[in-house]
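Undergrad: Chains as they are written, first to last, in this note's numbering: chain A, 1 to 994; chain B, 1 to 117; chain C, 1 to 418.
The hints are simulated quantities; they were obtained by calculation from the structure and are not laboratory data. There may be inaccurate statements among the hints.
Calculated pairs, DSSO-like style, for lysine-lysine (alpha carbon to alpha carbon, straight line, at most 27 Å) [unchecked claim]:
#1 B:K44 / C:K352
#2 A:K493 / A:K370
#3 A:K19 / A:K228
#4 A:K879 / B:K49
#5 A:K509 / C:K23
#6 A:K430 / A:K284
#7 A:K82 / C:K23
Just so we're clear, the structure is a prediction, and the values are computed from it rather than from any experiment.
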Amino acid sequence: MSGLQPYRLSKGGVIDRSKPLSFAFDGKNYGGFAGDTLASALVANGVRLVARSFKYHRPRGILTAGSEEPNALVELRTGARKEANTRMTVTELYDGLEAASQNRWPSLKRDLLAVNQLASPIFVAGFYYKTFMWPAKFWEAIYEPMIRRAAGLGDTAKLADPDHYEKAWAHCDVLIAGAGPAGIAAALAAGRAGARVILAEEDFAAGGRLLSEAEEINGKPGAEWLKKSLGELDAMDNARVMTRSAVFGVYDGGTYGVIERVNDHLPVPPAHQPRHRLIRVVAKRCIVAMGAIERPVVFANNDRPGVMMASAVRSYIGRFGAAPGKNIALFTNNNDGWKTVDAAMAAGVNISAVIDAREELPPELLARGKAGNFDVLNGQVSSVDGGHDGLSKVEVRLAGGAVARVDADCLAVSAGWNPAIGLTCNHRSKPEWREDISAFAPGICPDGMIVAGAANGDLTLAACLSGGHKAGTAAARACGHTGRNGTAAKAAKETYQHTPLWHVAGKGKAFVDQQHDVTASDVALANREGFKSVEHLKRYTTLGMATDQGKTSNVSGLAIMAEVSGRTIPETGTTMYRPPYVPVSIGAFAGHHRDEAFHAIRLTPSHHWAAEQGAVFVDTGLWKRAQWYPKPGERTWLESVNREVLTVRNGVGFCDVTTLGKIDVMGPDAGSFLDRVYINTFSKLAVGKARYGLMLREDGIVMDDGTTSRLSDDHYFMTTTTAKAGPVMQHLEYCRQVLWPELDVQVTSASEQWAQFSIAGPKTREVLRELLDPSEDISNEGFPFMGAREVKLRDGGIICRLFRISFSGELAFEISVPCAYGDAMARNLMIAGEPFGIIPYGTEALGVMRIEKGHAAGNELNGMTTAGDLGLGGMMAKKKDYIGRVMAGREEMVSPDRMVMVGIKPVNRLDKLYAGGHVIPKGAKPGAETDQGYVTSVCFSPMLGQYLGLGMVARGRERFGEIVTVCDPLRGKTYDCEICNPVFYDPEGGRQRG
Amino acid sequence: MRINCPYCGERDAAEFSYLGDASPARPDATPNDPPLDPASDEAKALRAKYHDYVYLRDNAAGFMKESWYHGGGCRAWLTVERNTVTHEIRKVEAAPGVGATVVKPAPKTAAARKARR
Amino acid sequence: MTPKYSVFSLVKNAFSGHKNWQKTWRDAKPKDHYDVVIVGGGGHGLATAYFLAKEFGITNVAVLEKGWIGSGNAGRNTTIIRSNYMLPGNTGFYELSMKLWERMEQDLNYNTMVSQRGIINLIHSDPQRDAFARRGNAMRINGIDAELLDGVQVRRMLPFLNYDNARFPIQGGLVQRRGGTARHDAVVWGYAHAASELGVDIIQNCEVTGIRRDKGRVTALETSRGTISAGKVGLAVAGNSSRVAAMAGLRLPIESHVLQAFVTEAIKPLLPNVITFGAGHFYVSQSDKGSLVFGGDIDGYNSYAQRGNLPVVEDVCEGGMAIMPMIGRIRLLRSWGGIMDMSMDGTPIIDKSPVDGLYLNAGWCYGGFKATPGSGLVFAHLIAKDEPHHEAARFRLDRFERGAMIDEKGQGAQPNLH
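Chain A with its partners taken away, still in its complex shape:
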């Protein structure tokens, strides 16, 4: 295959001709070499037409040889790995690569959608804002689907991405973005001084333009210096050169985003290796040495395949040994473009003519034409021609006004260079216009950033080398590394001389933004309609919003806008770049956080035991909790839950409540601290007692509830809800550290120290007695309701904390055992309880019993309710200050019209109740005026044999016994319900005290 590359030069380039590769483009097989990009391999194969444009489906070729490519995008790979819009200019060739052109139908060569070109007089910038308005219903039905289908470029895989991504941190003194001559010089200077250096290069090879150009450094070929320098860096312990790694964003505090494309150069990443790696680099200094981007000239048909940036022509010849044409014309306005002539001639490629747009041409250049046997024309290219998708003629408007036509199959274009300032504006500072290079150069940079080389507007090799060295030296010094920096490398003196040229007027479409098909006349139209601001221009025409982010178009567009609006370029505006500077896969930002690893999973110590019992688990925050424990023969979850509830109410059961937040509050002022945190009083709680506590936010709304026990004079043990464990801890620390530093109190999260179980039901004591040391008295007298103390377990004397508290309304204890014994505790409970018929019960049964008892939980503690709303207003102490006291007294917070918690019971005992239904007066028409509340929580109560609910209802406590309508239009249901006391079961509370 590799033998058949008609445009491959017989020698030269840094490709490895001993490693032939084969690949397919649009189903056709081609050959290339290791070291090729997909673009260079296609150039070598003489493939010109590689893409179609976004709007007009114009035929397009390869414009550049780098990351800035607007045209040559493909769908790369197949199946679940298919990726859209991959720039072939940065795609490393691998054996078996498969790529397809995109946005065309049925084929690239015969794209029927090119019919859009016929309508192009109408499809001007912003045409859609002026039409498609009538009839109103047609937008979603007809116009939009049509537009959506036509828009978009490539097609992406619809299957889950099979590859892995990872994220990492890296720390260094000096991060250098770009390993061209300036970046390498900077790395050498900083590294030699002892600074820790990371040199990141987007390309798969370090060297920048040195890979493409025939330049000399220190009197020898540039390639030698490159090799030696990379060797020196490689030998430094304190320097790391990372290729395939682009710095894409500057964040705060010296944090930089780097995307490493670890394995894109292989068909599939090796086992256990990521495709991409996101590296957050924390650096004291950053040197931006990302070079410059050559800019095009906007002229008629400048998008024709065969028109290529001059620097790209040199890259394909010099780096890849592939000729973009056999008869090349050059259109330039600067000295640098002339290097293309040398490169072509050295490679034996014919130069047909040079069109130089400068007013006066240096005589030595004219002489070179004579010597090289090509025409040197003083003028401007006004159009190109060559049939539908090729190039054979270049039309030149000579300085005198005459028109000449030049034969060429490739037109190399150079209008000078734009420094790659992208990263320098990431903090939204504006770049500065520099007249001498007619380009934007870095303005005020983000803290810690130094710009060097071409990115700084130093557009000669000599200046890049010295600028890089200087920057490296300065950066190392700033980080305290004052060692020797060595001497800067030297190159021949050149001058960068140019005459600004943006746009050549002519007949035919002249493209500013090739990917988005924005033409010079679109820019003029935007100006005519008042979209003069650069941002308006961008948004109205979509200039610069394509995948290349305007790297080859923004400045030209701005210059043309300046021209048509009669302003200077700086008056017209500036270009801005936001991160990411290069497109970054979403997968890289997510790393491993996807699928089941999206968030951590928290398991209680008895989780595996519960799994053995066949428990069904539910996600509660990060926790997995046993929801119910199905028994063989049970057909629905409700059967299991009913059994669990009835067993607890009539016998005994236990529930894992480890997920509750647990906080030790210790110190002489622990009591008064809690008094200020809770609405009720804890300082007077007797040692050995527990109390239900309610805490408010400072705005008077309930924050959380739980029981807190006093284990000794200066030691309280607080429990919080599962959901609020973290926020309450943070809140307590705030109160302690910020609000009341004078209090002598410490808080410590003990959530993960204790496994906690609630044992409930009339036979609880019998089970506990089997477990506890016989000396422990848990009789009603020895351990009364709301008692709390440390107890010893039987056989081994492990110390536990035992609390006589009840959420279920039954006789119940909660026992905390050290986490390591959590699993054993569950197993022992089963053994000890076996004679009494013990069962484990899950969160569903727990929920049923709390609703039967009218306890508020998460659905009622929803951040909108006051203590009074929940019927707990009486707990608010009158004689102490506490968080939320004052704000809870605001007029609307104590209004009698508020929605308060009530019980809700369907009148028809067979009606199923759902949470989320709204309460309206019986028979009323549902509407904003009749909406009086809603159902918060529901359950089927096996004790009462019907559905029960809790709800928030306006003036609800005055309305016990009233029949209301619950309307649930989402589920198409309406039923009558009775408002009642929320405590449905054992309202006297005798069972829990027994």
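Take the given structure of chain A and dock chains B and C to it, following the hints.
TA: What follows is chains B and C alone, placed relative to chain A:
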């Protein structure tokens, strides 16, 4: 953004959570004995004070003092001087009550409380 | 008067090479006095000016914009429109806005690409379903469309989401089919176009530097383009409300926070609707151009910087990969930050201020875009009649004093949690 925690060293801001303006001081709200009539001017004044404390915070464009919590580290509440326009951080201090107790509480007798008022 | 926009005018202009189009809006120079000056040339400010002229016959109106119109949050959002609110005060207001979206293009003679493609909030747990049922029923009771789907129905509707190995499996969704997206910049230009036609002066590059008052009443604005006397002044400068209100000596219950938004490279149609993930911070739609447009949580600290940091970028992309693991290879192309007026209960303030003649339209949190037409109408009503529009009657500044917060998320006075 990087915050230089006085206890843990410089860490990414992702380890911290944000509360906001650190300048307001919580007004004393110890109840009167007997309690104020909620409609009284004094009660209204206290509610107004609290309204400002809870709802009106500095929203400066420039440097401001803010409370950050190092929940992903040492659990210290920090006062951070940060520029809201540039995100530059120029000072980080621990809240006064971090670590050991600094001041013993005043005696909690009713007389002492009255004296404070 | 510019000619009406239509396909006919487009074709006609094509024959003259589009050389005869007029300005979309007049770029006015400031006059000495206006009856009403609106500060802020975003969607809300321009819509207010439009409704002042259209509905209330007040045409001596200027809109002052410190940069170019639409340069604030109007041009920095994720373009979602919806009216799926739960609490009294919000429900009616956002539905009013939705109804105005539905006729916007015909009202303005400008295609703002209002696309009612449907918005679905995914449900991942029982308590979440309970909360969404409450919300959906509140919507239905107020005459707003809403449907509650179970997991099977969601899978049928969005087969490409992750159902098989998700950390938080999808159990259902709340759908508002009338929700969707609109082309944000076009909304700005459309209101500018229509307001300008009615005689409103749109003044760009005019920054307000002071608010002059006399005896407790606003008299004039000092600006970078001179002093402009004003009968009434309306502030519609969300993101900067605190700074501008401070010029009149006001402190607002608002913090400014940065919200990042993201777009990817354009791809062929992938997502038909707007989707919000219920177990993480991620919402997404696909623009007509083909880019995925997505966002998540605010960065969480006060900021005026219009740019954010990596932790939130990562958090948002993690959310995306959690429900749509096929987007891993799609590339994020651009990110930006908008400054949100985060109010203390997550709900806007549209009210008179303590300064006579100075009116506030602030505190939009990250819900401002969808409110654009409704906000314009009710703010114009407030300014014209000196009393609130009935659908905005609860958006009062004193609600925090009274304890009448409208807190859909139940997070309290902690703006970065709303």
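Undergrad: Is A:K430 within 27 Å of A:K284, Cα to Cα?
TA: Within the cut-off at roughly 23 Å; holds.
Undergrad: With a cut-off of 27 Å on the C-alpha distance, tell me whether A:K19 and A:K228 pass.
TA: Given that 27 Å is the threshold and the Cα spacing comes to 24 Å, the pair holds.
Undergrad: Holds or violated: A:K509 and C:K23, Cα atoms, limit 27 Å.
TA: holds (23 Å)
Undergrad: With the threshold set at 27 Å, check whether the alpha-carbon distance from B:K44 to C:K352 stays at or below it.
TA: This hinted pair holds, its Cα atoms lying about 22 Å apart.
Undergrad: Taken at face value, is the distance from the CA of B:K49 to the CA of A:K879 at most 27 Å?
TA: holds (20 Å)
Undergrad: For A:K82 and C:K23, compute the direct alpha-carbon distance and say whether it is at most 27 Å.
TA: violated (44 Å)
Undergrad: With a cut-off of 27 Å on the C-alpha distance, tell me whether A:K493 and A:K370 pass.
TA: The hint holds at about 25 Å.
The structure fails to meet hint 7 from the earlier list, while all remaining hints are met.
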